[in-house]
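Just so you know, the sequences run in chain order A, B and C.
Residues in the first sequence are numbered from 0 upward in steps of one, following numbering that gives the first Met the number 0.
Residues in the second sequence are numbered from 0 upward in steps of one, following numbering that gives the first Met the number 0.
Residues in the third sequence are numbered from 0 upward in steps of one, following numbering that gives the first Met the number 0.
None of these hints come from the bench; they were simulated from the model.
The reader is advised that the hints may include incorrect statements.
[As the list claims (entries may be wrong)] Using 25 Å as the maximum straight-line C-alpha spacing, the simulated SDA-like pairs for lysine to any residue come out as follows:
1) Lys67/A with Ile95/B
2) Lys67/A with Met112/C
3) Lys124/C with Glu32/A
All figures in this text were calculated on a predicted structure; none of them were measured in a lab.
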Amino acid sequence: MMQKRWFKVFIWFASTSFFFLVAAILISELGPEPSEQQAMQFMMGMMDAMHNSMMGLSMSLEHDAGLKSLIGTASYILVPLIVLAVLFGLLVRVRGKRDAG
Amino acid sequence: MLDKKKHHFLQLVVIFGAITLLTLLFAWGSREGTTSSMGMMGQSMGSMMQSMHAKNVTISDLIKQQEQTEMSSGMSSHHESGSMSIKISHYLTTGIIIVLLPFIIAGAVFLGIVWWK
Amino acid sequence: MSVRFDFIIHWLWTIVFALLTLSGLAMAGAKYGWVLNYDIASADYVHRVLAAIYVLLTFISIAYEVIRAVRYEEKKLGWFIIGKSGYQLFTFITTLIFIITGAIIWVCMDSNMSATAFALYIHEKLTYIVVASVIWHIYVKCHALLWPKKPNTTDKKNVAGTK
Ligand code: HEM
Ligand code: HEM
Numbered sequence: 000m001m002q003k004r005w006f007k008v009f010i011w012f013a014s015t016s017f018f019f020l021v022a023a024i025l026i027s028e029l030g031p032e033p034s035e036q037q038a039m040q041f042m043m044g045m046m047d048a049m050h051n052s053m054m055g056l057s058m059s060l061e062h063d064a065g066l067k068s069l070i071g072t073a074s075y076i077l078v079p080l081i082v083l084a085v086l087f088g089l090l091v092r093v094r095g096k097r098d099a100g
Numbered sequence: 000m001l002d003k004k005k006h007h008f009l010q011l012v013v014i015f016g017a018i019t020l021l022t023l024l025f026a027w028g029s030r031e032g033t034t035s036s037m038g039m040m041g042q043s044m045g046s047m048m049q050s051m052h053a054k055n056v057t058i059s060d061l062i063k064q065q066e067q068t069e070m071s072s073g074m075s076s077h078h079e080s081g082s083m084s085i086k087i088s089h090y091l092t093t094g095i096i097i098v099l100l101p102f103i104i105a106g107a108v109f110l111g112i113v114w115w116k
Numbered sequence: 000m001s002v003r004f005d006f007i008i009h010w011l012w013t014i015v016f017a018l019l020t021l022s023g024l025a026m027a028g029a030k031y032g033w034v035l036n037y038d039i040a041s042a043d044y045v046h047r048v049l050a051a052i053y054v055l056l057t058f059i060s061i062a063y064e065v066i067r068a069v070r071y072e073e074k075k076l077g078w079f080i081i082g083k084s085g086y087q088l089f090t091f092i093t094t095l096i097f098i099i100t101g102a103i104i105w106v107c108m109d110s111n112m113s114a115t116a117f118a119l120y121i122h123e124k125l126t127y128i129v130v131a132s133v134i135w136h137i138y139v140k141c142h143a144l145l146w147p148k149k150p151n152t153t154d155k156k157n158v159a160g161t162k
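Input sequences plus hints: build the corresponding full structure.
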């Protein structure tokens with residue numbers, strides 16, 4: 000797989016995109032402060048996200064009974080699940096030691 | 000320095016270093032004179048909210064959240080929005096994340112115990 | 000030709016990670032908006048859908064490691080993104096932090112602003128750290144960037160992903 004030509008192209012593409020991300024971070028951090036116009040554009044984008052994307056929907060999560068009860072259930076099973084994981088983990092360890100020794 | 004094996008990495012560093020430098024020079028050059036101190040807007044969303052809300056936050060604030068809940072529940076009804084497909088993705092993604100999170104945490108705890116030296 | 004499970008996960012992970020970073024950065028502030036031309040709505044949509052995929056991939060990887068642990072399989076998976084040491088441990092921990100802070104932002108945005116603000120702060124700073132670490136990772140593994148010279152010679156380092 001690693002010797003396939005198209006895959007090498009993909010690896011190069013992936014690596015390049017990470018270099019691009021670093022360049023983007025450096026340019027944004029070290030560049031000039033955003034102009035008023037850019038700040039406005041950003042705010043408009045945020046407003047747009049509130050109205051036309053999922054951000055707005057999760058801003059009204061408190062009014063969604065279904066998802067709220069799902070969150071409740073998830074947090075309810077979290078603690079027992081962690082306790083189970085601890086017990087099970089110890090069990091696997093102890094059993095492993097005994098088998099090895 | 001001119002390690003054959005790291006040749007391609009150095010290539011990428013040099014090319015992107017040059018791009019970054021040129022872009023920065025250009026950006027500063029074309030911004031000459033317009034000294035607009037944007038104050039808060041120049042910050043990232045994280046740091047902005049940090050300075051707005053979390054400057055003097057304590058653990059008890061995180062637990063006792065009634066006040067904020069009351070504050071925001073009044074205005075959040077304005078945010079009702081979205082077409083059907085967005086609603087579906089919202090339910091799907093939120094569902095996936097909420098349901099899998101306890102299992103991920105429990106799995107991580109388990110692996111932490113099993114992997115401990 | 001059989002391709003290993005950990006190999007597939009590694010590259011799926013890489014794609015999802017790169018896109019998450021890109022869409023996340025675009026939302027990180029006015030000075031970052033240019034990255035996606037100030038289209039925050041799309042960035043938000045992409046970030047949230049990919050976050051779900053990312054969580055799913057993490058869940059599958061953890062489940063895979065749990066099964067391996069129960070069976071006492073000690074062999075290190077060279078390509079797996081989580082593991083008990085080195086960069087694998089680093090990605091494991093940072094991934095957990097990304098997911099937990101991400102979920103806090105997601106769920107608390109409506110109810111608890113100080114928790115959201117705190118989580119956003121960690122989420123953002125962690126992004127810088129992890130992106131830097133990926134560059135370091137590419138540096139360490141940059142033999143992967145070498146082009147195959149003659150199709151049939153086996154370069155020892157480059158056969159890692161195939162069986
Ligand atoms: C274009 C970018 C990337 C390239 C070229 C790359 C390349 C590689 C290579 C060649 C290996 C070694 C496989 C072996 O030696 O058997 C590897 C392992 C690994 N990769 Fe990546 N990778 C990239 C992106 C990522 C990303 C984004 C992550 C996670 C954030 C990641 C996490 C890992 C981990 C945890 C390992 C195993 C660690 C180890 O054994 O040292 N990689 N990668
Ligand atoms: C590789 C992993 C990730 C990276 C690099 C990343 C990066 C980012 C960045 C840079 C931001 C902007 C932060 C700011 O404004 O200060 C952000 C926002 C956000 N992230 Fe992530 N993130 C990742 C994974 C996740 C995951 C797994 C989730 C959910 C479980 C998530 C949920 C969010 C949310 C909800 C926001 C707020 C913006 C919005 O409403 O869409 N992220 N992310």
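Outcome of the hint check:
With a C-alpha separation of about 14 Å, the suggested pair Lys67/A and Ile95/B falls inside the 25 Å cut-off, and the hint holds. Under the criterion of a C-alpha separation no larger than 25 Å, the hint pairing Lys67/A with Met112/C is consistent with the structure, at around 17 Å. A distance of roughly 19 Å separates the Cα atoms of Lys124/C and Glu32/A; the hinted pair therefore holds under the 25 Å criterion.
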